[in-house]
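Counting with the UniProt record's numbering, you get residues 1 to 58 for the letters of the sequence shown.
Among these hints, one or two may not hold up.
[Unchecked claim] Derived DEER-like restraints, expressed as beta-carbon distance ranges:
| hint | residue 1 | residue 2 | range |
| --- | --- | --- | --- |
| 1 | G36 | R14 | 41 to 47 Å |
| 2 | Y35 | D7 | 47 to 53 Å |
| 3 | A12 | K33 | 36 to 42 Å |
| 4 | E11 | K33 | 36 to 42 Å |
| 5 | L8 | T28 | 25 to 31 Å |
| 6 | L8 | K33 | 37 to 43 Å |
| 7 | P6 | A26 | 22 to 28 Å |
| 8 | G36 | L8 | 44 to 50 Å |
Hints listed in this document are in silico derivations from the structure and should not be mistaken for laboratory results.
Where is the CB? At the ideal position from N, CA and C, for every residue including glycine.
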Amino acid sequence: MSDEIPDLPPEALRALAEAGERRKAANTAPPPKEYGGRDGPEPVRYGDWEKKGLAVDF
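The whole structure should be built from the sequences, with the hints applied where relevant.
Laid out in structure tokens, this is it:
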């Protein structure tokens, strides 16, 4: 992407600025702590969706 901002209306410039702020906030927020889940890597990635017969990740 180019660093140049084309000739846009003020509303579009404001929307771009707000989107940039949301991206910064999303990148800095730590993930929430999960209670009752498996230890280690995310279980859904490895097909381990339950613990003692109870679904804990959904």
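That 47 to 53 Å hint for Y35 and D7 (C-beta), does it hold up?
-> Hint holds: Cβ distance 51 Å, inside 47 to 53 Å.
Distance restraint evaluation - G36, L8, Cβ atoms, bounds 44 to 50 Å = holds, 48 Å
Is the hinted range of 36 to 42 Å satisfied by the C-beta distance from A12 to K33?
-> The hinted range 36 to 42 Å holds for A12 and K33, with Cβ atoms some 38 Å apart.
Range hint 37 to 43 Å (beta carbons of L8 and K33) holds or violated = Once the Cβ atoms are compared, 41 Å apart, the range 37 to 43 Å for K33 and L8 holds.
Cβ-Cβ distance between L8 and T28: within 25 to 31 Å?
-> holds, 27 Å
Taking the CB of P6 and the CB of A26, does the distance hold inside 22 to 28 Å?
-> Holds - the Cβ-Cβ distance for P6 and A26, about 25 Å, lies within 22 to 28 Å.
For G36 and R14, compare the CB-CB distance with the range 41 to 47 Å and indicate the outcome.
-> holds, 42 Å
Lying within 36 to 42 Å: is that true of the beta-carbon distance E11 to K33?
-> holds, 39 Å
In this structure, none of the earlier numbered hints is contradicted; all agree with it.
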